[in-house]
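Engineer: Protein chains in written order, with this note's numbering: chain R, 60 to 363; chain C, 5 to 207; chain U, -18 to 346.
No false leads were mixed into what you were given.
Coverage of chain C stretches by chain R, computed from C-beta distances (three or more under 8 Å per stretch; other residues unrestricted):
| # | region |
| --- | --- |
| 1 | 19 to 28 |
| 2 | 35 to 44 |
| 3 | 66 to 78 |
| 4 | 129 to 142 |
| 5 | 153 to 166 |
| 6 | 190 to 204 |
Here are the computed lysine-lysine pairs in the BS3-like style, where the Cα-Cα straight-line distance is at most 30 Å:
| # | chain 1 | residue 1 | chain 2 | residue 2 |
| --- | --- | --- | --- | --- |
| 7 | R | 206 | C | 73 |
| 8 | C | 156 | R | 160 |
| 9 | C | 16 | C | 73 |
| 10 | R | 160 | R | 296 |
| 11 | U | 249 | U | 290 |
| 12 | U | 290 | R | 206 |
| 13 | R | 296 | R | 196 |
| 14 | U | 316 | R | 196 |
| 15 | R | 322 | U | 316 |
| 16 | U | -9 | U | 46 |
| 17 | U | 290 | R | 196 |
| 18 | U | 316 | U | 46 |
| 19 | C | 81 | C | 16 |
| 20 | R | 160 | U | -9 |
| 21 | C | 205 | C | 156 |
| 22 | R | 296 | C | 156 |
| 23 | U | -9 | U | 316 |
| 24 | R | 160 | U | 316 |
| 25 | R | 206 | R | 196 |
Here are some of the chain R residues that sit facing chain U, going by a computed Cβ distance under 8 Å:
| # | residue |
| --- | --- |
| 26 | 143 |
| 27 | 171 |
| 28 | 172 |
| 29 | 200 |
If you're looking for bench data, these hints aren't it; they were derived computationally from the structure.
Since the model is a prediction, treat every value here as computed from it, not as a measurement.
All residues carry an ideal CB built from backbone N, CA and C; glycine is no exception.
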Amino acid sequence: MTHVEPNHTAYNFAYLDEQTKRMIRRVLLKAVAIPGYQVPFGGREMPLPYGWGTGGIQVTASILGAEDVLKVIDQGADDTTNAVNIRRFFAVTANVRMTEKTSEADIIQTRHRIPEENLRDDQIIVYQVPIPEPLRKLEPREEECRKLHAYAEYGLMQVALYEDIARFGEISITYDYPVLTNGRYITAPSPIPKFDNPKMNNMAALQLFGAGREKRIYAIPPYTSVASLDFDDHPFKPQEWDEVCGLCGAQNSFLDEVILDDKGGHLFVCSDSDYCSQRQAEGHVGPMAADAENLGFGRSNDAL
Amino acid sequence: MMSPLVQFAGIKRGFQNPVQQTQRCFRSMLDAVSRPGSITTLPSPSEHPAGWTTGLTAAALTLFDNDTKIWLDASAKSDDAVAYLRFHCGCVIVDEPEQANFGVICSPTDGLNLNQFAIGDAQYPDRSATLFLLVEQLTGGAELQCNGPGLKVPTGISPIGLPPDFASQWIDNHALYPNGIDIFLICGDQALGLPRSISIKEA
Amino acid sequence: MYVAVKGGEKAIENSHTLLAETRRGDRSVPQLSVRQIQEQLSLSVARVMTEGSLYDPELAALAIKQAQGDLVEAIFLLRAYRTTLQRFGNSEPIDTNGMRIERRISATFKDLPGGQILGPTYDYTHRLLDFSLLNEDQEQQNASIADQPLAEQLPRVAEILGAQGLLEPASHAGTDSAEPFDLTREPMSFPADRDQRLQNLFRGDEGFILALGYSTQRGFGGVHPFAGEIRFGQVEVSFVPEELGFPVSLGEITVTESEMVTQFQGAKDVPPQFTRGYGISFGHSERKAMAMALVDRAMRCEEFEEEAKYPAQSQEFVMYHSDNVEASGFVQHLKLPHYVDFQSELELLRRLRREMQSDQRESSE
Chain R
60 MTHVEPNHTA YNFAYLDEQT KRMIRRVLLK AVAIPGYQVP FGGREMPLPY
110 GWGTGGIQVT ASILGAEDVL KVIDQGADDT TNAVNIRRFF AVTANVRMTE
160 KTSEADIIQT RHRIPEENLR DDQIIVYQVP IPEPLRKLEP REEECRKLHA
210 YAEYGLMQVA LYEDIARFGE ISITYDYPVL TNGRYITAPS PIPKFDNPKM
260 NNMAALQLFG AGREKRIYAI PPYTSVASLD FDDHPFKPQE WDEVCGLCGA
310 QNSFLDEVIL DDKGGHLFVC SDSDYCSQRQ AEGHVGPMAA DAENLGFGRS
360 NDAL
Chain C
5 MMSPLVQFAG IKRGFQNPVQ QTQRCFRSML DAVSRPGSIT TLPSPSEHPA
55 GWTTGLTAAA LTLFDNDTKI WLDASAKSDD AVAYLRFHCG CVIVDEPEQA
105 NFGVICSPTD GLNLNQFAIG DAQYPDRSAT LFLLVEQLTG GAELQCNGPG
155 LKVPTGISPI GLPPDFASQW IDNHALYPNG IDIFLICGDQ ALGLPRSISI
205 KEA
Chain U
-18 MYVAVKGGEK AIENSHTLLA ETRRGDRSVP QLSVRQIQEQ LSLSVARVMT
32 EGSLYDPELA ALAIKQAQGD LVEAIFLLRA YRTTLQRFGN SEPIDTNGMR
82 IERRISATFK DLPGGQILGP TYDYTHRLLD FSLLNEDQEQ QNASIADQPL
132 AEQLPRVAEI LGAQGLLEPA SHAGTDSAEP FDLTREPMSF PADRDQRLQN
182 LFRGDEGFIL ALGYSTQRGF GGVHPFAGEI RFGQVEVSFV PEELGFPVSL
232 GEITVTESEM VTQFQGAKDV PPQFTRGYGI SFGHSERKAM AMALVDRAMR
282 CEEFEEEAKY PAQSQEFVMY HSDNVEASGF VQHLKLPHYV DFQSELELLR
332 RLRREMQSDQ RESSE
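Same shape as in the complex, but just chain R (with noise of 0.2 Å):
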């Protein structure tokens, strides 16, 4: 009877095999060439289930160099469980050096959010996405929306979006809100909240999105243009907060709110942890920093 060693499958350089690896490149190649507009990818079953990132590791995998740092956040923090499993995914079969800093990070791949620091030129940050088109909600079939998209046909969205002025007075689109990109492709920015969707116009980095359930690719070039849908009397308004984080004291980054009691207490910390971190470190501080080693309120020294 054969003893197996657990799990001593020699993998191929960031798990994917070349052949994979080339057809994504190629994808990736028409993708920047044609901003925002959706590309079907063969895309393969990873170890990790769709829904959770298998189109971000796709195209991860296949732009990553051994000599690349690579950064992963999910929430806009480092040490969030999906974000370590990710990361132990690529320390596992690429062995490239890991970074919870922005700024030394040649790759970032993201769930959910846009990190705070101003993203540089030499940097890639890959977005994960669940829902590729932006039209779905108003459209499931498939065949229809890419024609829609095929004639620029995005009168339905203006209507959806009307309609949402008409019941609350504004637009009610708080995350994934659609934009217009390169002025012709109305694209799906991710679950970002609205509030990131300024970064991702004129963005100095190349963006990337995989889709790996839905089997699309999509990319916005540097310094292309990227307009939240809106209504002249109607301007796209991102979040904005009455609170600072209770940590760093920033009054501009996108805040979590983080529950400490039943009796209505809470407290706003930034979502990006980096962000966060970084602040603390040059000497800001929050409100409610000094109560923070009381409330045992910190980040996780284990996330790498």
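Got chain R; can you put chains C and U on it based on the hints?
Structural biologist: Leaving out everything else, chains C and U in the frame of chain R:
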């Protein structure tokens, strides 16, 4: 039937470290198409076919395989190159330009006609050809002003070795957006990207 | 006092150790072997191979052990493993005419050349729990060997009907190219031809395909089917290596095939014929093969100018939702943190409520 070993005797070598070098080559090409007009350097394979350059060969080794159809112009289509591609890439070499996913044009001034290649269609603009044009120089020629995604400000490129009607052919190509073909200009081991999204004006 | 909990690497490691312990269960009970699963849970193995899209009974059994019996999880394991395998070519199409029959039945004729061969089936068992199976050293019954072997060739019902022109011929309707579509290499595209649809159904979740097939019988796109033939047994897989130019046998696999004969069609100048639905699965799985045949026929509705009104007739509805690896991943992905988007919704909701309440206060003043 000839033994495969005999067929492949004398084929020139490809990348020494294919996994890492094709990745680096791809990143340079991704950079070239994300920042059109910027000049990037591609890693060099150990050898390359006669009439080709290291950069052109690197691009082929990185992107071609048995799922791609390649058209070669007369200058590119040496026996050496065909055997090299068959061995290293396993790609299909087609006779008609319109069937090709990729075109390799070593003599762009010999009647390059962008109209011959697939431009995609309204529902699938990605199903268009990508061309590699081998040029004499990437700088030093008459300036063409480029503008569009990837460019912070309008930027000039000045390659030497494109056909005299290139600008007007490109204007027609760009007018097809989102359809259209995408181009890499290659010289030696360097590349410059021109995606269809870029408009060109003669300066 | 609130302590912020963030999942770290340690938490994940600990969870995996706990999982291994849970999977093992009571240590005083002998460990389940992969061989036992392969031999004695072969119908689970059949499902995992079919939906995992990989014929390897030992690996399927291993996946079932590793997944603690969760078949959808086992299917995922097999699919992910399949991704890593190098492909060296396509086999010749398997020839189910030459099948080494273990079971062959037809509902369309009382008897047929070669006979109705029941084989090993649960069809006529009484569903009464057999408590003697609790006994671990039960005496094994041996089936007796028949006096006569089966006939060499068992002609198909489809051939018999086809020879009389009563059944539409098997065709490559809708497919121009000689190469079948391959969903494991290319994304789905619509409208999908029959080869793509059949591959999608083959890999599709048995429960989903079963429900859709059932819906067609209850009026949601129904086509009055008859089970023309169901056969289960071994077929040879052969491959033509380029260097040799002739086929080489790679071995045998077990498949179950179902041919449905469905409502006749015809047009003004085309005499009516019965139409077909086709289903197949790895191993012994009649429920899946039959359901697949019903849904295959339903999705062919446009070929016969039948209006596509119901879910089983909609290519996109069927094909986009049949893959349980995709479905399970996306449904369960809701467990991932979504607190940033939730925060965005909270912000909007609170603001809208504040505005509404202040409007109400104003209008009541």
